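Enquirer: Listed here are the chains, written in short residue letters.
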Amino acid sequence: GAGVSQTPSNKVTEKGKYVELRCDPISGHTALYWYRQSLGQGPEFLIYFQGTGAADDSGLPNDRFFAVRPEGSVSTLKIQRTERGDSAMYLCASSLFGTESYNEQFFGPGTRLTVL
Amino acid sequence: GDSVTQMEGPVTLSEEAFLTINCTYTATGYPSLFWYVQYPGEGLQLLLKATKADDKGSNKGFEATYRKETTSFHLEKGSVQVSDSAVYFCALRSNNAGNMLTFGGGTRLMVKP
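Just so you know, the sequences run in chain order B and L. The first sequence maps to residues 1 to 116 in my numbering. The second sequence maps to residues 1 to 113 in my numbering.
One thing to keep in mind: the hints can contain errors.
Here are the simulated lysine to any residue pairs, SDA-like style, with alpha carbons at most 20 angstroms apart [to be verified]:
#1 Lys60(L) - Lys17(B)
#2 Lys52(L) - Glu104(B)
#3 Lys56(L) - Asn103(B)
#4 Lys112(L) - Lys56(L)
#5 Lys17(B) - Glu104(B)
Have a look at the derived ranges for each label pair, beta carbon to beta carbon [to be verified]:
#6 Gly9(L) - Ser27(B): 33 to 39 angstroms
#7 Asn62(B) - Arg108(L): 29 to 35 angstroms
#8 Ser58(B) - Pro10(L): 39 to 45 angstroms
#9 Gly72(B) - Pro10(L): 24 to 30 angstroms
It is worth saying that the hints were derived from the structure and are not from the lab. These figures come from a predicted structure and were not determined experimentally. Don't be surprised by glycine CBs; every beta carbon is placed ideally from N, CA and C.
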């Protein structure tokens with residue numbers, strides 16, 4: 001079946017602009033996660049949704065970052081007033097249930113964001 | 001807070017060589033441990049996992065044993081292939097801190113024929 005998809009695959013923007021990154025999780029997965037991966041580093045957690053609500057947004061770096069999941073499926077990560085330091089690969093993952101400690105997270109291919 | 005430390009790469013091996021990639025962790029409670037692999041141009045894939053002490057995860061010839069006494073989860077493979085060339089990430093999920101994964105920095109493996 002279809003895996004996690006993310007659009008766009010690449011996004012180039014200018015400093016100060018607003019961007020939206022989209023994630024389509026695997027159908028039926030209730031949990032959705034956003035991570036950010038800088039070049040040469042491991043992914044870092046940003047935010048976790050269980051259904052429509054953000055269960056944990058402790059990883060969002062500041063109030064320029066915001067994410068929504070209005071219908072409990074597709075999620076959008078929104079970044080306002082982008083800065084060059086926001087340049088990274090943004091990864092989305094989903095899992096069937098979010099409460100089991102060992103439940104596998106399936107990752108999308110990522111969106112590479114470049115802020116000029 | 002939780003953290004994962006893994007050996008820096010790149011690791012360059014000849015085909016059929018033995019592989020070890022070290023991984024140690026710091027976490028409260030009893031985390032679940034994972035190895036993810038990222039092949040060139042592809043997304044992260046779960047390679048193997050272990051959910052409690054002394055568990056051994058295995059997949060595609062790779063193995064890792066959850067060692068609570070040394071807080072380690074080293075990845076091993078007896079005979080690597082060129083197709084194993086990828087970046088490998090060790091990760092944990094703390095049972096006390098929600099469902100997010102905490103990743104190490106990744107280790108690039110290059111296998112030469």
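Enquirer: Could you run down the list of hints and mark each one as holding or not?
Expert: Status of each hint after checking the structure:
| no. | hint | result |
| --- | --- | --- |
| 1 | Lys60(L) - Lys17(B) | violated (44 angstroms) |
| 2 | Lys52(L) - Glu104(B) | holds (15 angstroms) |
| 3 | Lys56(L) - Asn103(B) | holds (17 angstroms) |
| 4 | Lys112(L) - Lys56(L) | violated (28 angstroms) |
| 5 | Lys17(B) - Glu104(B) | violated (35 angstroms) |
| 6 | Gly9(L) - Ser27(B): 33 to 39 angstroms | holds (36 angstroms) |
| 7 | Asn62(B) - Arg108(L): 29 to 35 angstroms | holds (31 angstroms) |
| 8 | Ser58(B) - Pro10(L): 39 to 45 angstroms | violated (32 angstroms) |
| 9 | Gly72(B) - Pro10(L): 24 to 30 angstroms | violated (41 angstroms) |
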